[in-house]
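So the protein lines, in turn, are chains D and Z. FYI, in the numbering used here the residues of the first sequence are 6 to 292. FYI, in the numbering used here the residues of the second sequence are 793 to 1234.
To be clear, the hints were calculated from the coordinates, so they are not data collected in a lab. All of these numbers come straight from a predicted model, not from anything done at the bench. Any given hint could be a false lead.
Unchecked claim - Pulled a few chain Z residues facing chain D out of the computed Cβ check, cut under 8 angstroms:
id : residue
1  : H1084
2  : R1085
3  : E1107
4  : P1108
5  : C1109
6  : I1110
7  : C1112
8  : R1114
9  : A1116
10 : L1124
11 : Q1126
12 : Q1127
13 : L1141
14 : A1145
15 : P1157
No residue lacks a Cβ here, since even glycine has one placed at the ideal position from N, Cα and C.
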Amino acid sequence: MTLRNTMLSVVAATLPALAWLSLQHGWIVLIQCLTCALLCVAVEALALRWRGRSLQSVFDGSAALCGWLLGAALPLTLPIAWPWSPLWLWLTGALVAIGLVKQLYGGLGHNVFNPAMVAYAFLLLAFPQPMAQADALSGASVLDLSLQHRLGAAPWPEFGFDPVIVLWSLGGAWLWWRGILSWRLAVGVLASALLVATVVALFSEQALSPWQHLNAGALVFGAWFIATDPVTAPSSRSAQWAFGAIVGAMTVVIRSWGAYPEGFAFAIVFANAMVPLLDRWGLRWRA
Amino acid sequence: MLVTTRQPTQLHIALQQYATRALPQVQAHQHIASGQCLADHPNGVPVYAPRAGRVRSVSAQCITIDVDTDSHEAPALVEPHDHFLERVRQGAMVGLGGAAFPAHHKWRGTPHTLVINAMECEAPIHCDRALLSIRPDSPLRGGEILAEALGIARCVIAAKADFAPIFQSMLPRVPSWELFTPAPHRGIGAERTLLRALDGATLHGPASEQGYIVANLGTLDALARWWDHGFALTHRLVSVGNEQAYWAALGTPLPDLLPDTQDAQNTENAAAHSRTLRVGGLLSGTLSTEHHRGLQAQDNSLSWDDASTAPLPAEPCIRCARCAPVCPEGLLPQQLHWYQHQSEALVALGIDACTTCGACDSVCPSHIPLAAQFMRAKKTLRTQRSIDAMAERAQARFAVRNARQTRRAEQAVERRAQHRQGDKRQDAIAAALAKRRQRKAS
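Extracted from the complex, chain Z is given alone in its bound form (with noise of 0.2 angstroms):
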């Protein structure tokens, strides 16, 4: 395993996070010291220079940074905040397992479990690899604090059989831990399937609210090296291709961590072969031919979707149901392949549950591909479910609206009626006055 850490000389840092998008401190020209926050947002967590340098350009999407060629990572230049949540948020901690999750809103509630996700099942992603080899401590020290914070009673290490031996021999540091190495099976990684392979707990909706945290390895590093070290997550490791990995900052451009598009020629070679570059695992992955981004947090590995790992055309599905019996939830394939575009169907189906781990694709004879295809029917019914919620809170205001402008109509009837009344009171003194006037000229 090679880790190698790489020095850029350009950093393209993204400020869209997970649910929000950072709002720029700094302007351009300007420089920036390594460390620097960069960027901030009260919902999502801050961006910090990975290194000093220039400021290039500034624009909603993306700082770009001409970093100083003598440049190197140094600690977040904040005053670390008291409180627990605040200071993970503080140090810009996100899940590092894919999906750069702000960590400070995961780890809320009162957790009892803590499992520490070691079970790296997706070719070619292999960051955890490359951190137990370079820092095998860290994710322990990390898992720690993160115990000793929440006050969970309980951790688990969820290793997977090739890592075993490595945290087996870091179990007396920690001795009232679990080692847990369930068997092999494909996505077991997820959450879901590894909560249910360790306590048989079945998940609806998030783990946190069950008091479950699953961390990535690469978080709890991240964690380790804030509280001790001081330093913001503005790097990450990330794996290309099969045996190689970078310590690389966020915003790194992709070509720089590629090996074969570092020159020009190559670069133009990649253009011609329309290589697309995949992002992620083999299967959970996406592919992209923008190369020319920078590195982001959920950006766990790279490769080349070469030829080779092309799948074969898809034939028709003859519901031979080879899908059912290895789905690690228990899901039809088939039935839900069947109804992909049929939301109600769907739901009924399960597809909540789909993790889009792939199982189904690697035994299907017709090559279907099959995860594809629920990852993109999940994705309409999410957005099918914001614009339902949307409408019914548009609703939910009309409604109020009516009620409100009837209300004030009926007061107003009723002011008028009122101050028709006040009339008929004011005409009964000046009447009554008018009389005893009468009366005292008389």
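So here's chain D without its partners, still in its complex pose (with noise of 0.2 angstroms):
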């Protein structure tokens, strides 16, 4: 097992979802990761060279791997002035995740927070109007339905249950079972973001249900693709409990009052910035 083997494996495991996807939206769904891969390492190559590191490593999968997740991240957004609306969203994405958030760090293996997520989270606050577009491949326009409905603008949205999430979970699992991810994160982020949703949904009669939440948004594809990169996840157990839980738990809590429709790549940054801290206390836990 080597690091390309462990990339490409991770970018093999989310196809499943991808071509189910792709029947229902068309092609876009695989030229936009593709499009994603191919700028982030075209990125990486750069920085590389502006830092004067060896090219070697720009093969080693990890850029690639990175877009491919921003691509399936990020909404559709064929319907506005294509091709450059989305070039220009993809290329800034690209540019923030690897020039910003991991060469700029120092690189694979340095980064603190989820450089996909960043560059999501980026792209969210700076270009608010394509991200907001319907279709949203992450399904984010049920959340955003509900937030209308909370400011009193929309009627309760309507919908159900999403198989792409057992698409998602399936390539997952595949991935625990090759060894490559650690199920406790993922698990984590799904239990927690359940039992918060129930006690919200308890409360407050507004709220999205806990079967609704999971449906919605990233919350199914984030469990198990982004919050269960190693580089910026703990990894005692312990400490991998807590990551989860508090990423489940700050989705939930800003899809349910937060000022944006979709919290997970919020709740992943937030829970980055944790993570030396909760490594540190999963030492003591253990002992």
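Using the hints, put the two chains back together into the complex; each one sits in its own frame.
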């Protein structure tokens, strides 16, 4: 098992879900993932060149995986001014993810924050209009409607089971079986999100049900493919549970009371900042 | 398994021991007998001549002997001491597992358990396998001697699965002994790891302080040979490559033991290919480019470090934490790697427990030489600690010196004051005498 094998396995694990989404939304899904991956690799090569480092590590697959996951997380921006608008969006995302979050912090293994999620949050803050496009790949539209409903601007959204969450979970479970990801992180995120969502639903009529939380947005995708990024997650068992709990709870809290429809990216970035502390506590909890 | 005895022509006997350096007791050009004492140190163990011959040279580090052609191994020329530990020292017993730690230091105290470590778990070392193939009874005999002398009630043979049948067949000889076959795990042969697998004991500090003696098969074999036949430790089994082993005199030049460097041609070839010699196991061993030294007690295995065993280039750590579950000490190797240059963090993460078994190396997808890094970090830490301890001692000495000087100054002042007081008294006496003289005169 090498670094590149690990990275390519993660890409492979996303394929069933992405294939399903392509059936739903067209080739644009795969085009978006592929373009983001290529842009990230290009930015990585440039950054390594500037840092005077060996270009060998461009091919370790980490930049490609980062771009691939960014592409999977971004909403589909096809309807507006194709192709320039999405290209700008993707390029900015790649620059932020690889240039700012990864290479500026010292390259692979040294980044504190998840590059794809910081890029996602950056784009959400900087370009709210294209990012809020309907038919978002991450399914944020439902959350958007729920937000508007909370604000009294829209009726209660009607939606239910989205089969893609099963495919994401299958991909994640395969990675767990291959020994590539820690199930504690993924299960921790999902369990904590469901728990907090249940509590919120008990006390608020406007809130989404736990089942709706699960089917909406990036929760399942993120739990399996984002929260489990080993570089930005803690490594001891108890700290992993705590990390998962923080991400899950923060996601539901931001979704329920925040000004943005989807809270997963913010929750991850927030929890990333706590990882050094969690890792230190993790040692004490274990002892 | 092929075990051969090699007749050396020259011996380079190193005088450096675990914590001391033995002091030579022979001179150049002197003829020495096999088993004669060559050097000794009260804190270390004596050094005996493995063969008869003529001393070529003596330095503080090494005694070189030109060996007589017809000489052979002989019992040590000493009168055995009555006291057990002193006799152990006399026989030059050191741990043959790889540390060559003096046995009479390790076997102090009142141990309750003797663990015979037959776990040989690090390729390509196979001295234990070789020993069991030539004299399987000997280590057991050594264990009996040790257990009887120290009054140890419980003896455990910790054997890896390959060796278990051999010991099983010998167990009727020592019916009260246990045979323990732990689950094969990398690094299981390390003392701490083995004792945890055996009794769930967590060690802080040396095993002997908690009543355990963990002894290597070779050491017990040496003890049995010393006790029953009077041979001091002047020879050891050394495994060469993957299949060969030699019963070789300490001091035998390493090239004599390496089959493909026996003729000069090949030696030159080896140099041309700049192959490095590995002394010890793949993980705990050290690489040496200096081939022309003599065999030492801690050298358990010799092998060539070929390109095929060289590691792949290391990539950055992605903290995948695959190293954590395989660590037999339950450490977080990826954290140790991250903090490898920060001694405080390393201590907090428990680096002292790391046995550098290399289990983490074997699973790392980035091929990071973790065990080597930890070994370096531990060495740095050890140096730092000894410097700290020295500084502390110096400070304590300085404080005592200051106190002493202050006390002396005070005493001097007091003495001077007393002296002056004494003067006053003298004055008073003189005055009284003068007064009396005056009265007499008047």
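Okay, the hints, checked on the actual structure:
Look at H1084 (chain Z): its Cβ only gets to about 38 angstroms from chain D, farther than 8 angstroms, so that hint breaks. Proximity of R1085 (chain Z) to chain D is violated relative to the hint, the smallest CB-CB distance being about 38 angstroms (cut-off 8 angstroms). With a cut of 8 angstroms, the hint placing E1107 (chain Z) at the interface with chain D holds, because the nearest CB-to-CB distance is about 5 angstroms. Residue-level restraint check for P1108 (chain Z) holds (minimum Cβ-Cβ distance to chain D is 4 angstroms; threshold 8 angstroms).
Given the 8 angstroms rule on beta carbons, the hint for C1109 (chain Z) holds: about 5 angstroms separates it from the nearest Cβ of chain D. With a least beta-carbon distance of about 5 angstroms to chain D, the hint placing I1110 (chain Z) at the interface is held under the 8 angstroms criterion. At a threshold of 8 angstroms, the smallest CB-CB gap from C1112 (chain Z) to chain D is about 4 angstroms, leaving the interface hint in force. With 8 angstroms as the threshold, the beta carbon of R1114 (chain Z) comes within range of chain D, its nearest partner Cβ sitting at about 7 angstroms, so the hint holds.
A hinted interface residue such as A1116 (chain Z) counts as satisfied when its beta carbon comes closer than 8 angstroms to some beta carbon of chain D; here the least separation is about 6 angstroms, so the hint holds. The criterion of a C-beta within 8 angstroms of any C-beta in chain D is met by L1124 (chain Z), whose closest approach is roughly 6 angstroms, and the hint holds. Evaluation of the Q1126 (chain Z) hint against chain D yields a held restraint, the C-beta minimum of about 6 angstroms falling below 8 angstroms. Checking Q1127 (chain Z) against chain D by beta carbon gives a least distance of about 7 angstroms; that is within 8 angstroms, so the hint holds.
Evaluation of the L1141 (chain Z) hint against chain D yields a held restraint, the C-beta minimum of about 7 angstroms falling below 8 angstroms. The beta carbon of A1145 (chain Z) is not positioned within 8 angstroms of any beta carbon in chain D (closest approach about 12 angstroms), and the interface hint is therefore violated. Given hint, P1157 (chain Z) at the interface with chain D, holds; its Cβ is 5 angstroms from that chain's nearest Cβ, closer than 8 angstroms.
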